[in-house]
Amino acid sequence: MKPNKVEQWIINSIFIVISLLCLIPFIILIASSMTSENSIIQNGYSLIPGEFSLESYKYLFQEPAMMIRAYGISIFVTLIGTLVSLIIMTMLAYPISRRDMPLRNGISFFIFFTMLFNGGLVPTYLMYTNIFGIKNSLFALLIPGLLVSAFFVILIRTFFTMNIPNEVIESAYMDGAGEFRIFARIVLPLSTPVLGAVGLFQLINYWNDWFNGLIYITDNKLYSIQVLLNTILLNAQYLLSNVNFVDDMGPAEEIPNNGLKMAIAVIGVIPILITYPFFQRYFAKGLTVGAVKG
Amino acid sequence: MTSWLSRLNLKKMKKYKTLYLMLIPGVIYLLINNYGPMFGVIIAFKDVNFAKGIMASDWVGLKNFEYLFKTTDAYIITRNTILYNLVFIVLNLVVALGLAILLNELKNKFLTRFYQSAILLPYLMSSVIIGYLVYSLLSMETGLINNTILPFLGREGVMWYNDPKYWPYILTLVKIWSTAGYLCIVYFAAVVGIDQEYYEAATLDGANKIQQIMKITIPLITPVIIIMTLLQIGRIFYSDFGLFYQVPLDSGVLMPTTNVIDTYVYRALLKNGDIGMSSAAGLYQSIVGFIIILISNYVVKKINPDNSLF
Amino acid sequence: MRNRVSVWFVIMALLSTLIAGCTGNSTPTVAVNEGEKGGTQTNDGKLPPYEVKLVFYGPAQKDLELVEQEMSKITLKKINATVKLERIEPAAWDQQTILMLTGNEQVDLIVTGNIEFSRQVAQGQLVPLDDLLQSHGQDILKAFQPEILDATKVDGKIYGIPSIRDFAANTNVMMRKDMLEKYGLDASSVKSLDDLDSILATIKKNEPNVTPLGKPSASAPIIDRVLETNWDVLGDYIGVLENLDSLKVVNMFETPEYEKLLKTVRRWYEAGYISKDAATSKDTAVDLIKANIGFGVIQKGKPGILAQTENRTNTKLEGVELGQQITSTTSITAIMLGIPTNSKDPTRAMMFLNLLNSDPDLINLIDWGVEGKNYVKVNDTQIDFPPGIDATNSGYNLRQGWMFGNQLLSHTWITDTPDLWTQMDKFNRESKKSAALGFFYNPAAVKTELAAITNVVRQYQSGLENGSLDPEINLPKFNAALRAAGIDKVIAEKQRQMNEWAAKK
Chain A
494 MKPNKVEQWI INSIFIVISL LCLIPFIILI ASSMTSENSI IQNGYSLIPG
544 EFSLESYKYL FQEPAMMIRA YGISIFVTLI GTLVSLIIMT MLAYPISRRD
594 MPLRNGISFF IFFTMLFNGG LVPTYLMYTN IFGIKNSLFA LLIPGLLVSA
644 FFVILIRTFF TMNIPNEVIE SAYMDGAGEF RIFARIVLPL STPVLGAVGL
694 FQLINYWNDW FNGLIYITDN KLYSIQVLLN TILLNAQYLL SNVNFVDDMG
744 PAEEIPNNGL KMAIAVIGVI PILITYPFFQ RYFAKGLTVG AVKG
Chain B
257 MTSWLSRLNL KKMKKYKTLY LMLIPGVIYL LINNYGPMFG VIIAFKDVNF
307 AKGIMASDWV GLKNFEYLFK TTDAYIITRN TILYNLVFIV LNLVVALGLA
357 ILLNELKNKF LTRFYQSAIL LPYLMSSVII GYLVYSLLSM ETGLINNTIL
407 PFLGREGVMW YNDPKYWPYI LTLVKIWSTA GYLCIVYFAA VVGIDQEYYE
457 AATLDGANKI QQIMKITIPL ITPVIIIMTL LQIGRIFYSD FGLFYQVPLD
507 SGVLMPTTNV IDTYVYRALL KNGDIGMSSA AGLYQSIVGF IIILISNYVV
557 KKINPDNSLF
Chain C
-17 MRNRVSVWFV IMALLSTLIA GCTGNSTPTV AVNEGEKGGT QTNDGKLPPY
33 EVKLVFYGPA QKDLELVEQE MSKITLKKIN ATVKLERIEP AAWDQQTILM
83 LTGNEQVDLI VTGNIEFSRQ VAQGQLVPLD DLLQSHGQDI LKAFQPEILD
133 ATKVDGKIYG IPSIRDFAAN TNVMMRKDML EKYGLDASSV KSLDDLDSIL
183 ATIKKNEPNV TPLGKPSASA PIIDRVLETN WDVLGDYIGV LENLDSLKVV
233 NMFETPEYEK LLKTVRRWYE AGYISKDAAT SKDTAVDLIK ANIGFGVIQK
283 GKPGILAQTE NRTNTKLEGV ELGQQITSTT SITAIMLGIP TNSKDPTRAM
333 MFLNLLNSDP DLINLIDWGV EGKNYVKVND TQIDFPPGID ATNSGYNLRQ
383 GWMFGNQLLS HTWITDTPDL WTQMDKFNRE SKKSAALGFF YNPAAVKTEL
433 AAITNVVRQY QSGLENGSLD PEINLPKFNA ALRAAGIDKV IAEKQRQMNE
483 WAAKK
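Chains as they are written, first to last, in the working numbering: chain A, 494 to 787; chain B, 257 to 566; chain C, -17 to 487.
No lab work stands behind these hints: they were computed from the structure.
Where a beta carbon is used, it is the ideal one built from N, C-alpha and C, also for glycine.
Check the hints yourself; a few may be wrong.
Covered by chain B, according to a simulated footprint, are these stretches of chain C (three or more residues, beta-carbon under 8 Å) [as the list claims (entries may be wrong)]:
id	stretch
1	252 to 266
2	422 to 436
3	442 to 456
4	463 to 474
Between beta-carbon pairs, the in silico distance windows are [what the hints assert, rightly or not]:
id	chain 1	residue 1	chain 2	residue 2	range
5	A	Asp712	C	Gln306	45 to 55 Å
6	C	Pro368	A	Asp712	26 to 36 Å
7	C	Glu189	B	Val414	19 to 29 Å
Far from chain A by the CB rule (all over 12 Å, computed), these chain C residues [claimed, not checked]:
id	residue
8	Ile56
9	Leu123
10	Gln127
11	Lys164
12	Ser171
13	Val172
14	Lys186
15	Asn188
16	Glu300
17	Asp362
18	Leu391
19	Thr404
20	Asp407
21	Leu419
Same shape as in the complex, but just chain A:
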């Protein structure tokens, strides 16, 4: 299909406008993180720092060792978590994507039901700490709530059903391939787009999670970066809002409250932006069934 220049121009213009709408707030975010607190109070948030200052970052990086360690933990947990969860979820999605699979609907319901009904925090906490004893361990960052998401499983299942016709499976059987082989050699390669998408989503979920860290981890050597940042922020806000603290601060260090929030957000977002391009290549018009047939 020959590209139509006018068409391309129109589409590009639309996207330029949309991208600006998305980028400008982000630039404001970065700029505000590098603005002095006083300037933020006087002028609000703006595209260009009113008074350039790195005080928020300095406040955050008071203990570089802790930061680096937290980063390490986050990276490790995110990578392992994403990988393992993709494996388990695809293995869960594939069988129920096959129209000929017995009990398929029942299993789908079993999975879906977990999206709607939830026992609540306490029983879950009970389960994981008393019965499995994962408190203060890396497992607590990898497993609870994140490892398998019914939403993603059903999404993957849909893509499998949509993109892989029975004929392909049948012909593979005839070539003598076993189920797992079919799964690994045919189904997965044909599904790189959805795997890329879900992989990215899980990456974001793991990276952004501070919740598990907050309730299962008390040893601050195991803080992930989000937990660390949130602790710093919550402590700062606590200091600023507790009436007793406020009145008695004396010549204690000042906390750049507003700028701090922005700096934390920036630090949290940048790693994901850096990894996104890696996933984007999976969204290429890669293998399709036609290619396999041929």
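Position chains B and C relative to chain A; hints supplied.
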């Protein structure tokens, strides 16, 4: 019962042995993570006394649910929750799908990736931050709109945070802005998987772009569209807490149009922290969603069993 | 994703449930007698060694262990016990304390107050202190006016010893001294809130970039402090004492005084003395003044507040006190030290607590750090950083003297007036005490109504009390909504509990 058993052709099951085995890790996880803790649902029906523990606390029937209905706000929060969700589902679909299709049409790969990254950015920003950014626009004294744009157009500043009527539009815009880019990824992944042969054949038949989109692209990714919509419908009684609480900066005046079930529950239990009541709210939302999903799934099944959830 | 604070709340409530349920701890027996643990001797020589663990919250301090060691030197001599200061991150405080108490971790003294205090008492997690006070807490008894200590009683027993700090509060309007002088404004002419009008007007007219009146804290409206320093709010503002002498519970929002306050703040709003964004902004008056765009604030007054606020804003201020300071139960029970039932030697814990209320050396260690290293004396009573040390590199800059024992015994920092504590003591003793001192309210019976009421309050309060909503129209709406939500039932319940309590006194 027996006919079900006889349908369980053992030979057939053996053939699928590997497939069943593949299910095991995931199923175990769901049992531990989701089904095990489900007994906690009884908290909604108890007056939990910390000293006695969950099991020994008194049963109080439906008392913990009262506060959700016994208030004049019940109608407002329910209406707000449902209406916003309906609008979000429809608009998000249209915008995300539209963006995905357009992106697919772009020839310059580098630009495609750049735009994709750009539109994902808003999703990565937390609602607290978005609240501040919106404030920098709408602040009544220092905001961009009141200070620069409106005077430029020769008009008076608007008391944005004092007037509830603007916020359905503001929140909808914010929601689309923050989520469309994320959802677009799913639809893009779907569009990208469509076999080029279809398009080539259609071009040979003389179909133009629009026709191709309507007749090929959309029909072929319908399963994804339906599933995504169904999944969101199941959550129709839940709201994005950050959007409705943080973005309006928890402004009381705006509550008539920004208070939803989740924020109402949060505010109600702020001073109280009663777990029975918060658990009751969660159960209420789950049950309604469940019923709605059962109905929707049934409808979809009638039309095309392939596209149903279960 | 759920909001983290609400999740906190749920976590803390739920965790206590689960652990109570799972460790099989039903109501623990709380009969603590000197005869059971340790020895009954008041003399140190025969006491077995022990480590008293004090759990508190605050930012990390590098020299915490050093302080601990110095404190232990003193306590070893006096009660043959060493001290362990266990610091918890403020952000993790709620969760950690629940886990510590409901588990079996040994904790001898814990910081507690108001909401968590009533919860801990209800769960039987704190030891009643009456007998221990008689036997080993004489200095504590001497340090308090009896009615103050009585105010902490729940069902007739004392479970927590408040730290000695500012129990009373009055309204204090603080304004920038330089601007007052520049325009020849006399702060002492202000005898009531209405008198502020002319001052605010002058500032507004001559300083266009300045917002004359700012908020006392990020979430408190402009007039918030006036409310709590004029009414005994009986814990949650829903149903307050009509006045400090009677035991009648009324709806504050329907009183003529409240209406007058709203009209005043509305007048200020319309005149431009208050930021139009006050209801949504998180900026406080201190933020504004520091950034040079603020002028004044209506704060909670206590001795030393002026100096401390000047410190935070780096500007000279002048304060005007309006009204006599009042003391209510809530302010007393805000920060206390309690002895958990987990303690293996409550007698020793009480001895330590007694020292915290009587031994100046001990107090100065925990309040200010090690003399010579963290602070130096500049004269008899005042102290300052040692040369070369300041707030950014000090090894011990906790500044939480208001949390521990008898603060009146400690040194004063150079930026405060030397007789700060004398003033503080006088301030407390001369305050007007509420007739309801000691009344503890239990809202369980009306929790359904309170849920709806809280939403109504959130809807109207911020706008009304920051002046952005017109009270003429909205106050009646507010009150109608409150009535529809059942506020009359709540007030009746509170009154009933009040009468019951009064009858037992």
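Tested hints:
no., hint, verdict
1, 252 to 266, "holds (count 6)"
2, 422 to 436, "holds (count 7)"
3, 442 to 456, "holds (count 6)"
4, 463 to 474, "holds (count 3)"
5, A:Asp712 - C:Gln306: 45 to 55 Å, "50 Å, holds"
6, C:Pro368 - A:Asp712: 26 to 36 Å, "34 Å, holds"
7, C:Glu189 - B:Val414: 19 to 29 Å, "26 Å, holds"
8, Ile56, "24 Å, holds"
9, Leu123, "25 Å, holds"
10, Gln127, "21 Å, holds"
11, Lys164, "20 Å, holds"
12, Ser171, "26 Å, holds"
13, Val172, "21 Å, holds"
14, Lys186, "17 Å, holds"
15, Asn188, "18 Å, holds"
16, Glu300, "17 Å, holds"
17, Asp362, "20 Å, holds"
18, Leu391, "16 Å, holds"
19, Thr404, "18 Å, holds"
20, Asp407, "17 Å, holds"
21, Leu419, "20 Å, holds"
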